[in-house]
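Spelled out from the first residue to the last, the chains are:
There are 2 protein chains.
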Amino acid sequence: MATDTPIRIGVLGCADIARKVSRAINLAPNAVIAAVASRSLEKAKSFATANGYPQSTKIHGSYESILEDPELDALYIPLPSSLHVEWAIRAAEKGKHILLEKPVATNVTEFDKIVAACEANGVQIMDGTMWVHNPRTAKLKEFLSDPERFGQLKTVQSCFSLPADENFLKNNIRVKPDLDGLGALGDAGWYAIRATLLANNFELPKTAVAFPGAVLNDSGVILSCGAALSWEDGRTATIYCSFLAGLAMDLTAIGTKGTLRVHDFILPFKETEASFTTSTKAWFNDLVTAWVDPPSEHTVKTELPQEACMVREFARLVGEIKNKGAKPDVFWPSISRKTQLVVDAIKESVDKNCEQISLVGQ
Amino acid sequence: MATDTPIRIGVLGCADIARKVSRAINLAPNAVIAAVASRSLEKAKSFATANGYPQSTKIHGSYESILEDPELDALYIPLPSSLHVEWAIRAAEKGKHILLEKPVATNVTEFDKIVAACEANGVQIMDGTMWVHNPRTAKLKEFLSDPERFGQLKTVQSCFSLPADENFLKNNIRVKPDLDGLGALGDAGWYAIRATLLANNFELPKTAVAFPGAVLNDSGVILSCGAALSWEDGRTATIYCSFLAGLAMDLTAIGTKGTLRVHDFILPFKETEASFTTSTKAWFNDLVTAWVDPPSEHTVKTELPQEACMVREFARLVGEIKNKGAKPDVFWPSISRKTQLVVDAIKESVDKNCEQISLVGQ
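In order, the protein sequences belong to chains A and B.
Going by this note's numbering, the first residue of the first sequence is number 24, and it counts up by one from there.
Going by this note's numbering, the first residue of the second sequence is number 24, and it counts up by one from there.
Be a bit skeptical, because a hint or two may be false.
Note that the list lumps identical chains together, so a pair holds whenever it fits in one copy or between two copies.
Under the rule of at most 25 Å between Cα atoms (straight-line distance), these lysine-lysine pairs were calculated in the DSS-like manner [stated by the list, open to error]:
#1 Lys193 with Lys304
#2 Lys81 with Lys375
#3 Lys280 with Lys293
#4 Lys375 with Lys229
#5 Lys136 with Lys350
#6 Lys43 with Lys304
#7 Lys68 with Lys375
#8 Lys304 with Lys293
#9 Lys199 with Lys324
#10 Lys280 with Lys193
#11 Lys136 with Lys81
#12 Lys162 with Lys280
#13 Lys350 with Lys324
#14 Lys117 with Lys345
#15 Lys345 with Lys136
#16 Lys66 with Lys199
#17 Lys345 with Lys304
#18 Lys66 with Lys304
Hints listed in this document are in silico derivations from the structure and should not be mistaken for laboratory results.
Make the full structure from the sequences, and use the hints.
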């Protein structure tokens, strides 16, 4: 029996992030780049050249044109989030499976329309959150799920801050209300929220409340904010996201028996391996002058870069549908939706002067 | 010229923490244990024996008696916080300098009475927060104050959680409203708040607000809570403290240019050295697949355990007053007071269902 042919992916838009994902598509053993589109043929062509696309790549001078390309199984969509609802729905209607950059939409109502279109057309949708596909993440999850080493989760703290320069703060799409209007919350906060949900087995919190001190630009786009989440049984979490502070991406989870720490959870320091520290039943010596069982470090090798692992998983799911008649995997859109719900709730709390927002029944 | 004689310290109460501080007094080059008191002579005697006190140590069978001891320069007071206002004032009135366990009082009004008594009697007061005396802390401060390596502070996250067993949760003074009624907030939270203030150059926040999800026992004592603090210029902080989660004591500070992380800020993993990591102007490689300038670790040797550094500093100040006519150092009570103010504000926010509490004008 012949091996399944690689999934053919088109890149809809030449955003900066598409450079990295293009390389990832090339690296994934079960996917190939088959086309690229920009609003101008010139731009698409030079993007393809600059990123070492195969000669065979079809170059499209409009988004409409790539949607019609009959040779594509799937589209990677790195457009500004305000355009997702239009182009993801159109892609689904053309029967294209969708790898969609985050934030998946400007609010959950829009995302629900996208998911409905995907369901109606039997296509897979997955968002572009790369770190969850790093093999390290499975190890984190293993530790967090271990009643002996970690116990029951009590709190998670996660943050992603990165220092934007003046040009970014003036011109980047992530600070424009009509492009990526969720700003630092939709961009950096997305990862912190996803990490928090992952640690909580994707159970939605009961409430979200923004901290005082969110920073917004003149157009009302969030440049920096923090929030607390709380669950029915007393679990809590904090997230912090910012375009105005030094680079940090920390995840700390504290359980009844153990702790987990990651300092590069979104993008590991190195491409080929990723570390984390754990401690279990740590305590002090008799006089409380030093620790017994302090944290220890663990390192996980990564054969493929995490973004290529993401593409491999996406292409695997598409292959199951295409070649074996499987149904689209609902796990991925369900966690996109939950992440978006928490983004929306925190945004609402920021807008309402730190009011507590309920997520019950969402 | 003869060297000054060591400062003679009496230990008022045989709390568990007094074991460690007794050893620290013995280790400090400029202090000696000269007396110990308990409510029973027997208990004081067996405590002195168990902790290797010098033969010459005077044993007192009541708190009143040690106050009258004319040979003592100072008292270390590890009593439950509800007793501080009485015994610290009585000690001050007897002209004894005071090393006072934290939390310094059950609220700032009480602490102000203690400080007034110390001022009226010209005695030094310092609280028993040990970690700030670790030589590492000066190095942390150096980094946080460096405009090139750290830039301007944007946020601080600090936590101290420790898992209390059933016996603790039933019987320990830290869960009794009439003894250490501030519970985990006054005990564990104290350290997290102090760290936050230290990173903010001891500038009080504008507001404090508790997170939803505080856990209180049947008597209304806080077993676990979190809070956000915010400053006028947009700096923010979160603190988390708990008796119900695994051991963790993390401090993360993010500035415009750099980050600082400490995982054992209250009690270093080892007694003889303490580490922290910093990063400065960290960023990604061109394709954003790895970090350039990831965090690096720094280790600081400690000649003396941090609690002995604390006693040494306290004894030095007392020596300056006793031998050189210096005035008591107001820095230490001022930071105790600020820490207590933030404790009080968070407690008030917990009591008022997460209302924002203003600290302006305090």
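**OP:** Tell me, please, which holds for Lys43 and Lys304 at an alpha-carbon limit of 25 Å: within, between, both or neither?
**Re:** The answer is between: 22 Å across copies meets 25 Å, while 40 Å in one copy does not.
Original post:
Should Lys117 paired with Lys345 be assigned to within, between, both, or neither, using CA atoms and 25 Å as the limit?
Top reply: Within one copy only: 14 Å inside a chain, 87 Å across chains, cut-off 25 Å.
Original post:
For Lys199 vs Lys324, is the C-alpha pair at or below 25 Å within one copy, between two copies, both, or neither?
Top reply: Neither way: Lys199 and Lys324 sit 38 Å apart in one copy and 49 Å across, limit 25 Å.
**OP:** If the cutoff is 25 Å on CA atoms, where do Lys66 and Lys199 land: within, between, both or neither? Let me know, please.
**Re:** within (22 Å within a copy, 70 Å between copies)
Subject >> Intra- versus inter-copy proximity for Lys375 and Lys81 (alpha-carbon distance at most 25 Å) >> reply: Result: close neither inside a copy nor across copies, 48 Å intra and 63 Å inter.
**OP:** Up to 25 Å between alpha-carbons, please classify Lys350 paired with Lys324: within, between, both or neither.
**Re:** Neither: 32 Å inside a copy, 60 Å across copies.
Subject >> Lys304 and Lys293: within-copy, between-copy, both or neither at 25 Å Cα >> reply: So Lys304 and Lys293 pass the 25 Å test across copies only (17 Å; inside, 30 Å).
Original post:
When no copy is named, should Lys375 and Lys229 be tagged within, between, both, or neither for a Cα gap of at most 25 Å?
Top reply: both (18 Å within a copy, 19 Å between copies)
Subject >> Same-copy or cross-copy closeness of Lys280 to Lys193 [CA-CA at most 25 Å] >> reply: Intra 46 Å, inter 19 Å, cutoff 25 Å: inter-copy only.
Subject >> Status of Lys136 relative to Lys345 across identical chains (alpha carbons, at most 25 Å) >> reply: within (23 Å within a copy, 77 Å between copies)
Original post:
Between Lys68 and Lys375, at a C-alpha cutoff of 25 Å, which is it: within one copy, between copies, both, or neither?
Top reply: neither (46 Å within a copy, 61 Å between copies)
Original post:
With identical chains treated as interchangeable, where does the CA-CA distance between Lys136 and Lys81 reach 25 Å or less: within a copy, between copies, both, or neither?
Top reply: neither (29 Å within a copy, 80 Å between copies)
Of the numbered hints stated above, those contradicted by the structure are hints 2, 7, 9, 11, 13, 17, 18, listed in ascending order.
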